[in-house]
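Going down the list, the sequences are from chains A and B. Going by my numbering, the first residue of the first sequence is number 1, and it counts up by one from there. Going by my numbering, the first residue of the second sequence is number 1001, and it counts up by one from there.
Be a bit skeptical, because a hint or two may be false.
For the chain A half of the interface with chain B, some residues (derived, Cβ under 8 Å), not all of them [as the list claims (entries may be wrong)]:
| id | residue |
| --- | --- |
| 1 | 62 |
| 2 | 109 |
| 3 | 111 |
| 4 | 114 |
| 5 | 117 |
| 6 | 136 |
| 7 | 141 |
| 8 | 144 |
| 9 | 160 |
| 10 | 164 |
Straight-line Cα separation of at most 25 Å, DMTMM-like style, residue types lysine to aspartate or glutamate; simulated pairs [claimed, not checked]:
| id | chain 1 | residue 1 | chain 2 | residue 2 |
| --- | --- | --- | --- | --- |
| 11 | B | 1278 | A | 53 |
| 12 | A | 246 | B | 1178 |
| 13 | A | 152 | B | 1294 |
| 14 | B | 1224 | B | 1252 |
Examples of chain A residues lying across from chain B (beta carbon under 8 Å, computed) [as the list claims (entries may be wrong)]:
| id | residue |
| --- | --- |
| 15 | 65 |
| 16 | 115 |
| 17 | 138 |
| 18 | 188 |
These are calculated hints, taken from the structure and not from any lab test. Everything numeric in this text was worked out from a predicted model, so none of it was measured. C-beta atoms are modelled at their ideal positions from N, C-alpha and C, and glycine is treated no differently.
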Amino acid sequence: MPGPFRIDFDSMNRIQEKLQEDKKILSIYFTAGYPRLEDTVPIMEALQQHGVDMIEIGLPFSDPLADGPTIQQSSTRALRNGMHTELLFQQLQSIRERIHIPLVIMGYFNPVLQYGVEAFCKKCQEIGIDGLILPDLPLREYQLEYEPIFKKYGLLNMFLITPQTGEERIRQIDQASEGFIYMVSTASTTGAMEGFGDPQRDYFERIASMGLKNPQIVGFGISNAQTFEAATRQAKGAIIGSAFIKHLTESGIEDIGGFIKRIR
Amino acid sequence: MSYHVDEHGYYGEFGGAFIPEMLYPNTEEIRMNYRQILEDPSFQKEFRQLLKDYVGRPTPLYHAARLSEKYNTKIYLKREDLCHTGAHKVNNTIGQILLAKRLGKKRIIAETGAGQHGVATATVCALMGMPCVVYMGEVDIARQAPNVARMKMLGAEVRPAMSGSRTLKDATNEAIRDWINNPVDTHYIIGSVVGPHPYPDMVARFQSVISEEIKTQLEEKEGKRLPDYVVACVGGGSNAAGAYYHFLDREEVGIIAVEAAGKGIDSGESAATSALGKVGIIHGSKTLLMQTADGQITEPYSISAGLDYPGVGPLHAHLFRSGRGEFISITDEAAMQAGLEVSKLEGIIPAIETSHAFAIFKQRAFRPEDIVVVNLSGRGDKDLQTYIEFFNL
Ligand SMILES: Cc1ncc(COP(=O)(O)O)c(C=O)c1O
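Please model the entire structure based on the sequences and the hints provided.
Take a look at the structure:
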């Protein structure tokens, strides 16, 4: 029963398609199950409705090493609300009837490992997830064991680079990537920043001038129109996480449109 | 079978470096350099000299006659409790601070559970004049107050970890986050054989001085270099790794790892990772860890802060899975009684971590002719308050 939204997995992935559009990408991260357990789908609908280009669905984890206080707290809350992997998949079961923008699951590797890497990837394909960002599954471990499974289910795996990542490694990561490169803006855990300084601007320029085959999307520290604009001057797009979580904490899910309008 | 780390950083199926990219340059710098630095004669000279003159090595191998008589076997105690600062932890911190200096690092961070590793780190930072930040769970700060005071006297800043169970696991998370935020000038001195490759191997090498000495000391006392058993408590597993190291490939030496059962394996309040853990990722390493069916790391419990950790180092996961090691878990109650018994029989008050190792003699028989070496990983001064409350002293 191939309907109009069903994609042929040999064809281009939704992320790849989106990246080919002639526009800057705004991607929003949120933690599934936060602020309330049942907010997952309504948040996604509101994001799409207000013109967000891509969504990163955060699978909460008890020990989020790369995250600052805001996402730590949303993860703890989401777990307390009762979020878990199977429940997230249930909530997303028919998401492709309503959401057509690219969807990425972002989380830590342990919950994926417990679900079973293959079972997890298979489920993602069934639902229509386009890619994964698993910060603690770095290149070497991915290639040693897991790459064929991701490929089998048509999932892109996005790797991170940071201002400290050496040129040779950036090229390695570029070679191994097929979607975008997640460019961490500063050497830090996640968290919103008010502005970027010279070191960030230099870093953005340095990466832009490398001629990488994958577009780059900047994450960590994007919080407002100014940081979004600065980050996307060279890069293809930017990801907002902590600032959006803060907005949800303060205003709930009612005024998501207001938040997006303040970005662009 | 090999019990040493392979070229990819694995012990069998365990180990690796499951770290966010932000930590890649830091760990890669260590990975690329540690073997060469450790093997460098000038490093070895400085390391050995400090172990001798500052730490007080070699620590004695003491024949515990009364304990031996009671349990009808031959028990030797490797006296790591006599190390400067009161536990084996300092062997590793001396090694790592010398490495940090050679890598040009200017600032040291560490996590601590019982406070022993924190004190050992603060000590070597004072020795080398380096700034030191120690992360410690809020719960542990309360139950190991003397060690908090010691760290402060030594000039370290103790930062409370307020997330999760507010114990060792969370202190480790905070230290890792600090390292992510300070990637260039900071060295993270991990306190056990845990964390991403190459930490488990590096820490084991620094601690391996324990088994190196046991071999020579046993030769002097017994005319043979191999004991029948080596016994050690396992939190992350560093004192155990050091005590086993030179015996790992000698299958005739029995290896006994003692974990904390807390209030009992099935009580829901336990830290017995081999019994309760499944394969997963914790602090950058694939190993056995206590977790929910959903892969959330669970909060362990032990009366002993140093064993209150939901994982074990990948070497120990491999020793368990391969059957090379015999794993025994000991309850709070049994450990406390054993600590009291050793105090009365031998005049040595052990750290509560080590008391777990002593408790196996009530659970498991040895032959009269067996030579059993117990690694006495630390002394009990830091635990007096817990002993006082437990026994109404
Ligand atoms: C005296 C003592 N023994 C054992 C341990 C447990 O650590 P590990 O398993 O790394 O030796 C600690 C930890 O703080 C300790 O202080």
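Verify the proposed pairing of residue 1278 of chain B with residue 53 of chain A, using a straight-line Cα cut of 25 Å.
-> With Cα atoms ~38 Å apart, residue 1278 of chain B and residue 53 of chain A exceed 25 Å; violated.
When the least beta-carbon distance from residue 188 of chain A to chain B is tested against 8 Å, hint result = 5 Å, holds
So, residue 138 of chain A near chain B? Judge it on the closest CB pair being under 8 Å.
-> With a minimum Cβ separation of about 6 Å from chain B (threshold 8 Å), the hint on residue 138 of chain A holds.
When the nearest CB of chain B is found for residue 136 of chain A, is that gap smaller than 8 Å?
-> This interface hint holds because 5 Å falls under the 8 Å limit.
Is the hint on residue 160 of chain A kept, meaning its closest Cβ partner in chain B is under 8 Å away?
-> With a closest approach of 4 Å, the residue 160 of chain A hint holds.
Verify the interface restraint on residue 115 of chain A: the C-beta must sit less than 8 Å from at least one C-beta of chain B.
-> With a closest approach of 7 Å, the residue 115 of chain A hint holds.
May I ask you to test the interface hint for residue 164 of chain A with respect to chain B, counting a Cβ-Cβ separation under 8 Å as satisfied?
-> 5 Å, holds
Given the hinted pair residue 152 of chain A and residue 1294 of chain B, is their alpha-carbon gap at most 25 Å?
-> 24 Å, holds
Could you check if residue 111 of chain A really has its C-beta closer than 8 Å to a C-beta on chain B?
-> 4 Å, holds
Can we keep the residue 141 of chain A interface hint, with Cβ of chain B closer than 8 Å?
-> 5 Å, holds
Let me know if the C-beta of residue 117 of chain A comes in closer than 8 Å to any C-beta of chain B, holds or violated.
-> 11 Å, violated
Given residue 144 of chain A as an interface hint, is the shortest Cβ-Cβ distance to chain B below 8 Å?
-> 7 Å, holds
Checked against the numbered hints above, the structure violates hints 5, 11; every other hint is satisfied.
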